[in-house]
Amino acid sequence: MRTLKAKHVVADFRARLTDFELMAKYDLSLEELEKVLAQLVKAGLLRPAELYERGLFYDEPQNRVLTRSSGRVYLRVPIPICLLDDPTRAGFLTDLSYKGFRTRMLNIQEGEEATFLVRADEVTQLKAFELTAICIWVNPGERRPQDFQAGFSITRIEPEEVQKIDSLMTLLSFGDRNLMRKKTST
Numbered sequence: 001m002r003t004l005k006a007k008h009v010v011a012d013f014r015a016r017l018t019d020f021e022l023m024a025k026y027d028l029s030l031e032e033l034e035k036v037l038a039q040l041v042k043a044g045l046l047r048p049a050e051l052y053e054r055g056l057f058y059d060e061p062q063n064r065v066l067t068r069s070s071g072r073v074y075l076r077v078p079i080p081i082c083l084l085d086d087p088t089r090a091g092f093l094t095d096l097s098y099k100g101f102r103t104r105m106l107n108i109q110e111g112e113e114a115t116f117l118v119r120a121d122e123v124t125q126l127k128a129f130e131l132t133a134i135c136i137w138v139n140p141g142e143r144r145p146q147d148f149q150a151g152f153s154i155t156r157i158e159p160e161e162v163q164k165i166d167s168l169m170t171l172l173s174f175g176d177r178n179l180m181r182k183k184t185s186t
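So for the sequence shown, full-length UniProt numbering puts the first residue at 1; every next one is plus one.
Hints are all accurate, no fakes.
Quick list of simulated restraints, FRET-style, between CB atoms: (1) 31 - 99: 35 to 45 Å; (2) 29 - 161: 37 to 47 Å; (3) 78 - 153: 13 to 23 Å.
Note that these hints are calculated values from the structure, not bench results. Given the structure is predicted, the values throughout are model-derived calculations rather than measurements. For every residue, glycine included, the Cβ atom is placed at its ideal position computed from N, Cα and C.
Model the full assembly from the supplied sequences, consistent with the hints where possible.
Structure follows, in structure tokens:
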């Protein structure tokens with residue numbers, strides 16, 4: 001049996017790859033994927049609640065607060081984001097909550113705190129807004145800039161910016177990608 005890098009599987013799992021995407025990426029059968037995920041839980045790299053959250057009954061964002069300290073949404077459209085002081089350090093916002101967010105392609109160090117410009121105006125009618133956050137984890141990915149991910153905890157945000165986060169979460173969120181979607185005929 002081949003060896004998988006646990007940190008890559010965990011990162012992909014948390015990036016909300018579907019079971020089918022995980023199976024294809026790591027060349028696993030459904031039974032093998034279930035074993036891998038069970039081993040990650042046993043090793044303490046995933047919480048059992050994270051597996052349960054992906055299930056049929058946890059598609060709605062309000063249910064995710066049962067397994068997370070704050071509900072988060074996954075954005076259908078990545079939002080451009082950059083450091084306010086250095087716009088050349090830019091990436092994309094991929095998921096969002098009132099307490100934090102995840103980015104792709106934004107090269108940053110764990111523990112680094114910065115003020116960010118969220119360029120919501122590039123994909124919505126909302127105006128760009130600022131927030132300050134500290135990087136709490138990074139995953140450099142597999143040598144490609146688009147694989148670099150980072151997670152942030154928001155440390156300062158103005159009340160009017162909270163409304164913009166709420167609007168972004170409402171406008172651009174989607175449910176659990178693991179659920180089969182029924183095609184409707186028109």
